[in-house]
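Chains as they are written, first to last, in our numbering: chain L, 1 to 96; chain Z, 1001 to 1486; chain A, 2001 to 2487.
Hints listed in this document are in silico derivations from the structure and should not be mistaken for laboratory results.
In silico BS3-like pairs for lysine-lysine, Cα to Cα no more than 27 Å straight-line:
1) Lys-1215/Z to Lys-93/L
2) Lys-1375/Z to Lys-1410/Z
3) Lys-1053/Z to Lys-2236/A
4) Lys-83/L to Lys-93/L
5) Lys-2149/A to Lys-33/L
6) Lys-2278/A to Lys-2464/A
7) Lys-76/L to Lys-2094/A
8) Lys-2289/A to Lys-2394/A
9) Lys-1452/Z to Lys-1481/Z
10) Lys-93/L to Lys-2094/A
11) Lys-1130/Z to Lys-93/L
12) Lys-2112/A to Lys-2019/A
13) Lys-1018/Z to Lys-76/L
14) Lys-83/L to Lys-1130/Z
15) Lys-1079/Z to Lys-93/L
16) Lys-1482/Z to Lys-1452/Z
17) Lys-33/L to Lys-2380/A
18) Lys-2464/A to Lys-2260/A
19) Lys-1079/Z to Lys-2236/A
20) Lys-2414/A to Lys-2278/A
21) Lys-2480/A to Lys-2464/A
22) Lys-2394/A to Lys-48/L
23) Lys-2414/A to Lys-33/L
24) Lys-1018/Z to Lys-1130/Z
25) Lys-48/L to Lys-2380/A
26) Lys-2380/A to Lys-1079/Z
27) Lys-48/L to Lys-1072/Z
28) Lys-1335/Z to Lys-1377/Z
29) Lys-1172/Z to Lys-1377/Z
30) Lys-1072/Z to Lys-1104/Z
31) Lys-1171/Z to Lys-1293/Z
32) Lys-76/L to Lys-1130/Z
33) Lys-2265/A to Lys-2289/A
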Amino acid sequence: MSLSRNDVENIAHLARLSMTEAEATEYATSLSKIFGLVAQLNAVDVSKVEPMAHPLAGQVQRLREDIVTATDEREKYQQNAVKIEAGLYLVPKVIE
Amino acid sequence: MSWETVIGLEIHAQLLTKSKIFSGASTAFGAAPNTQANLVDLGYPGVLPVLNKQAVQMAVKFGLAVDATVAKRSVFARKNYFYPDLPKGYQISQYELPIVEHGKMDIILEDGNIKTIGITRAHLEEDAGKSLHEDFQGHSGIDLNRAGTPLIEIVSEPDMRSAKEAIAYLKKIHTLVRYLEICDGNMQEGSFRCDANVSVRQTGQEKFGTRCEIKNLNSFRFIEKAIHYEVARQIELIESGGKVKQETRLYDPDKGETRALRSKEEANDYRYFPDPDLLPVVISDDFIAGVRKTLPELPDEKAARLVHDYELPAYDAGVLTSSREMADYYEVVTKHLSGDAPRDKVRNAKLAANWVMGDLSGALNRDGIDIANSKVKAAALAGLLARINDETISGKIAKEVFESMWSDGKSADEVIEAKGLKQITDSGAIEKVIDEVMAANPAQLADYRSGKDKLFGFFVGQVMKVSAGKANPAQVNELLKKKLAG
Amino acid sequence: MSELHTYTLTQLAAGLRAKKFSSVELTKHFLTRVEKFNGEINAYITITADVALKQAAAADAQLASGKGGALTGLPLAHKDIFCTDGVLTTCGSKMLSNFVAPYDATVVTRLKEAGIVMLGKTNMDEFAMGSSNETSYFGAVKNPWNLNKVPGGSSGGSAAAVAARIAPAATGTDTGGSIRQPAALTSLTGIKPTYGRVSRYGMIAFASSLDQGGVMCLSAEDAALLLQSMSGFDEKDSTCIDAPVPDYSATLNQPLKGLKIGLLKEFFEQGLSPENAKPVRDALAVYEKLGAQLIEVSLPNLPLSVPTYYVVAPAECSSNLSRFDGVRFGYRCDSPRDLMDLYKRSRGEGFGSEVKRRIMTGTYVLSAGYYDAYYLRAQKIRRLITDDFANAFKQVDVLMGPTSPTPAFDIGAKVDDPVTMYLNDIYTIGANLAGLPAMSIPCGFLDELPVGLQIIGAHFSEAKLLNVAHMYQQATEWHKRIPQRYA
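Make the full structure from the sequences, and use the hints.
Right under this line is the structure:
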């Protein structure tokens, strides 16, 4: 399994990561190595195996009562935001 | 060449829970920006979702109401994409294992036939926030109050063949979710939204054409217009040698057209996978039985009952059950009117139906009021209709009384009393009026007597006018005939 | 009083209750040492001296009124992955280098309520992705046993702080070995509980189905003490298990006669040199003397742990880290041209290279056309590995083997080769995939560098693990060694 620099650039776009050409080249090499390691998984017959999403079998989702517990803490939560105005988070104009 | 339209709808209905689907923040509409977005809604590092029981109950309720399979085990998955109104960079939704599958909904076609529309699935998911595009120094503002509001997405089969069918189906779902009290159905506020998948194919062709998804359809009218526009566009495109491209299109209500969305997710790849922060939702038979107990009488059941019990026309029954509030109102009116004899019952039911669908709906529409907040309550309307039945007033006067009741909030009897609208049934008094009218119109009288029968109506009108509409019309007819004959 | 740092947490708790010293004195002692040694070790990212002294004074008041609990007044450091209300919480990343958490993680809340004094926040691999603590934006952490060596990772700061006795204990998190491997490399006792035993609320997520909080300290006894307060149901975490927490300290001294220890055949065969194996084999001999029975067991799918992990963990991480987009919190790039630029540069500049590598790995394995071949397949093999463990626990009470294939390696030795770095976790990852509780305890030295023995138990067998570890520590002295410079 070998990834080209172009593959890496496509993945980086999907993951919204800026990248220099040098980085993309390095990642093409290291990701190819990682997928070389991962290729070991192909040796196993998994046709009859159920996938496992959680480590603890038999646990089921708990349901919360429909009660409002939160209060307005906007001021506190927005202290970590770089750009806000009138209580809104600002981003470069969204064009639809 | 003749074309067939194929339509499938994806309806997003916000569930009427108090708190969000995965957090304890309020879902109330209209709060100041970001004051109802807590750490979970904001996607803060380290926080985790916990599922709202009420949201699950509502989804199950919907499933039962559309005769669907409620999944014993459903799974939440993450739909990954970047967008400013999506705080975590993924939406928690259901993908491979939705909570509701294989439902159906009947619609009545124009020719009166019934068609069953398949409901592929309905799944639970969280709503996104809102991007406000007014200018903030060249920026968009993000309000995440709506983020995390529970939704069910109801996906239909591509079973509809015209915009009319699509609207009929949509209206039935709209009615149903309000009956079930799981969604307020408010399209302006966005609590009931619809995307339409539209394609065309040549009549007789089995394979579906390439479809386009139309978004931003926030009123029934727009949906119909958008579908018409889109169908025409696709046919024209194909007939002129082009090909329909599978894409998402936005309806522009100002221009009345759809246009391709500058795809926010070009080369879209949502990378769905089971959300590791949530466990499988397992629903027991007891849980389903508990929800089943809360099911109200459904619109179709109610309409069938009205037809059966009151011999109402199917059309009337359909209109009267189009909202739970209207049906409730109607039933209160008929209950107050219930005469013992079966004939009275049927007559009263039709009288009530005419009034609820006619004058009452007219007044509500005119003033933009919900029936639940009607200025004339059901018992008061019944009081008015009772006065028609006992001949205290005529149907015509009743309309006048109704308007006064509507504007003053008085009862029918109070209005009749105050305005002296009580019908005149004393034949002596009526005869007196007739004599006056005859005396005042000698020429017409002479013409009538010389064979112009048509003038009878003129005399009725004059008598009613002079009596200010209060004279009993039946008696007026009878006495006039006698007197005019000389 | 100058030797307070040489005591275990258990001993310090006894001293506080006997009023031999106050919490303020104890806290000051550690803060002084932090000031003296942190520069050379780089174990702390944030030192919360003011908070600590306030908490210590409050603890002293409680102790004076006879109200304090088992942990009241004891200092501790938190891995900087746990959110702490009003305190910088960086997760070792430039992305969060200015992030002040607006809330406490459940682990932090519970320890705070138990009277713990927070000394500060410890360094770590960025977003817990690393096995050497070299991926931290705040610089590498040094191993107190040899300052040229790595302390392991990702809880490297916690490990180094406790090993250098500039904290008597610390919290850690373990996604693929991040508590056990650094514990082994710095001669500590570290425990990763069963998945779901400790709430993940407020623990910044790396891989949600693998992450589990735990502790790093000087003895199994100390671990029992801390874990008692940290464990248990939390309604804020859907994956946290609602089951009673047994009294971990009560069963520490149960005799081990008849204990069935499974020796993981694959561990001793895979990547372990005879020299590395020797301290582990010596420890097993001690267990035999304590009455345990050694049984070799085979987990045929275990060798696939590393490739399985490097599909599952990056997949989850790629999604978990999408929330860092420069909008609501965290690093935001300067003057973005447009929305895409805001996203790409905030993330591209805010994340370090290993984090980006894993995000890309995960994005790829989840993407259209690759999901089945990678992610789904890995999920299936995860089940095979889990089943292997379950079968083994039908025969034995606990499993034992090495924690790490080698002792601490040189800083810089493996940074350029991610796959070689990943193989450090070859022995620890299995327990995460299966959600099992696992420990590492000191069992000797190789070339003057510590070696760890790993003990893995069945689900919810923390009490048994702590008992097994404690009995060994009663029979040996390895866990009492202190790096000379910090004695």
